[in-house]
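Asker: As a plain string of letters, each chain reads:
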Amino acid sequence: GEDVEQSLFLSVREGDSSVINCTYTDSSSTYLYWYKQEPGAGLQLLTYIFSNMDMKQDQRLTVLLNIKAKHLSLRIADTQTGDSAIYFCEERSKGSGNTGKLIFGQGTTLQVKP
Amino acid sequence: EPEVTQTPSHQVTQMGQEVILRCVPISNHLYFYWYRQILGQKVEFLVSFYNNEISEKSEIFDDQFSVERPDGSNFTLKIRSTKLEDSAMYFCASSDLRGGYNEQFFGPGTRLTVL
Numbered sequence: 001g002e003d004v005e006q007s008l009f010l011s012v013r014e015g016d017s018s019v020i021n022c023t024y025t026d027s028s029s030t031y032l033y034w035y036k037q038e039p040g041a042g043l044q045l046l047t048y049i050f051s052n053m054d055m056k057q058d059q060r061l062t063v064l065l066n067i068k069a070k071h072l073s074l075r076i077a078d079t080q081t082g083d084s085a086i087y088f089c090e091e092r093s094k095g096s097g098n099t100g101k102l103i104f105g106q107g108t109t110l111q112v113k114p
Numbered sequence: 001e002p003e004v005t006q007t008p009s010h011q012v013t014q015m016g017q018e019v020i021l022r023c024v025p026i027s028n029h030l031y032f033y034w035y036r037q038i039l040g041q042k043v044e045f046l047v048s049f050y051n052n053e054i055s056e057k058s059e060i061f062d063d064q065f066s067v068e069r070p071d072g073s074n075f076t077l078k079i080r081s082t083k084l085e086d087s088a089m090y091f092c093a094s095s096d097l098r099g100g101y102n103e104q105f106f107g108p109g110t111r112l113t114v115l
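These protein sequence lines map, in sequence, to chains R and P.
Going by the working numbering, the first residue of the first sequence is number 1, and it counts up by one from there.
Going by the working numbering, the first residue of the second sequence is number 1, and it counts up by one from there.
Bear in mind the hints are in silico, worked out from the structure with no lab data behind them.
Every clue listed holds true.
Simulated restraints on C-beta separations:
(1) R:Ala-41 to P:Gln-14: 21 to 31 Å
(2) R:Ser-17 to P:Ser-81: 47 to 57 Å
(3) P:Asn-51 to R:Gly-15: 43 to 53 Å
(4) P:Glu-1 to R:Phe-50: 19 to 29 Å
(5) P:Ser-9 to R:His-71: 29 to 39 Å
(6) P:Glu-1 to R:Gln-80: 17 to 27 Å
SDA-like mimics (lysine to any residue), calculated; alpha carbons at most 25 Å apart, straight line:
(7) P:Lys-42 to R:Pro-39
(8) P:Lys-42 to R:Asp-83
(9) P:Lys-57 to R:Asp-3
(10) P:Lys-57 to R:Leu-45
(11) P:Lys-57 to R:Glu-2
(12) R:Lys-56 to P:Leu-97
(13) R:Lys-36 to P:Met-89
(14) R:Lys-36 to P:Ile-38
(15) P:Lys-83 to R:Gln-106
(16) P:Lys-42 to R:Leu-110
(17) R:Lys-36 to P:Asn-28
(18) P:Lys-42 to R:Leu-46
(19) P:Lys-42 to R:Phe-50
(20) P:Lys-78 to P:Leu-39
(21) R:Lys-36 to P:Leu-30
(22) P:Lys-42 to R:Ser-28
(23) P:Lys-57 to R:Ser-28
(24) P:Lys-42 to R:His-71
(25) P:Lys-57 to R:Glu-5
(26) P:Lys-42 to R:Ile-67
(27) P:Lys-42 to R:Val-12
(28) R:Lys-36 to P:Glu-44
(29) P:Lys-78 to R:Ala-41
(30) R:Lys-36 to R:Arg-60
(31) P:Lys-42 to R:Gly-82
(32) P:Lys-42 to R:Tyr-31
(33) P:Lys-83 to R:Gly-40
(34) P:Lys-42 to R:Ile-86
(35) R:Lys-36 to P:Gly-40
Not everything, but these chain P residues come out facing chain R in the computed CB check (under 10 Å):
(36) Val-4
(37) Lys-42
(38) Glu-44
(39) Ala-93
(40) Glu-103
Small disclaimer: the values here were computed from a predicted structure and weren't measured.
Note that beta-carbon positions come from the ideal geometry of N, C-alpha and C, so glycine has one too.
One chain only, chain P, in its complex shape:
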């Protein structure tokens, strides 16, 4: 069964460094998403992406963040100049439909620890 994969599973970085979190969505999906979950808190929407453009972003997704689909398979989230409060689990998701009942398929997540 096709699945969303994410690498690395755990990333440790120093405050101020840049990190790139990678995702490989399901191959025929067209819509891509990033979410994050700070430990003990809710899963929060960050950004949705379609047709090489950001469709919607939350207030969390400021200039520190960027997304890219550098080739036909990868979808990346870049966090510039990481802060301690960026420590969280980051989930990638993809779907083949937008709106209404569109099942988003989630990856296993990347745990980002900022020291």
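Next up, chain R with everything else stripped away, as it sits in the complex:
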């Protein structure tokens, strides 16, 4: 079945760039998403990329997709303490998209030190 893997923890200093990585197995993935979960809150959609793109930039966020390697990354420029959260990668294939069933990674905890 589909699987999504992420590293569990990343620690950076304020002002540095953060890069959170994700790998997935489903070769029919059509959309890939990044969510942010702050303490006590639900998952908030941050950004997404279609499988026919290799890069998408949205202010401080850059999503890179290597579809051959099935590797997705989220780069946060000038990381701030408010970026401290858990970041989830999610992939959606044609099959899961039709049912709304989302496949998540286990989440990467980003710790930003002042």
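For chain R, the structure is supplied; the task is to place chain P on it using the hints.
Answerer: Frame of chain R, contents of chain P only:
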């Protein structure tokens, strides 16, 4: 801005008891979902619900679980005879479209602790 709400935020129960987790989806949404996240593990899909019926369920969603939309606003997840391994964070989500790029809006979750 409309949001999905969930109650309670934390539920503690004894093994074998029944619990009902409640969600109020965004009012004009038609598709509803439950997910769970056991501590340190992935967010797992449980069930999707549309038009008063289950659209899809995972292998986790066995006879112990049921969902209901008892009125026009609430969406509930009932867990009968809870087990220790049911301890997890349960997230409700809703969307107004199914398939393709359909943003699911998530609630803050209910932390269920089974003792």
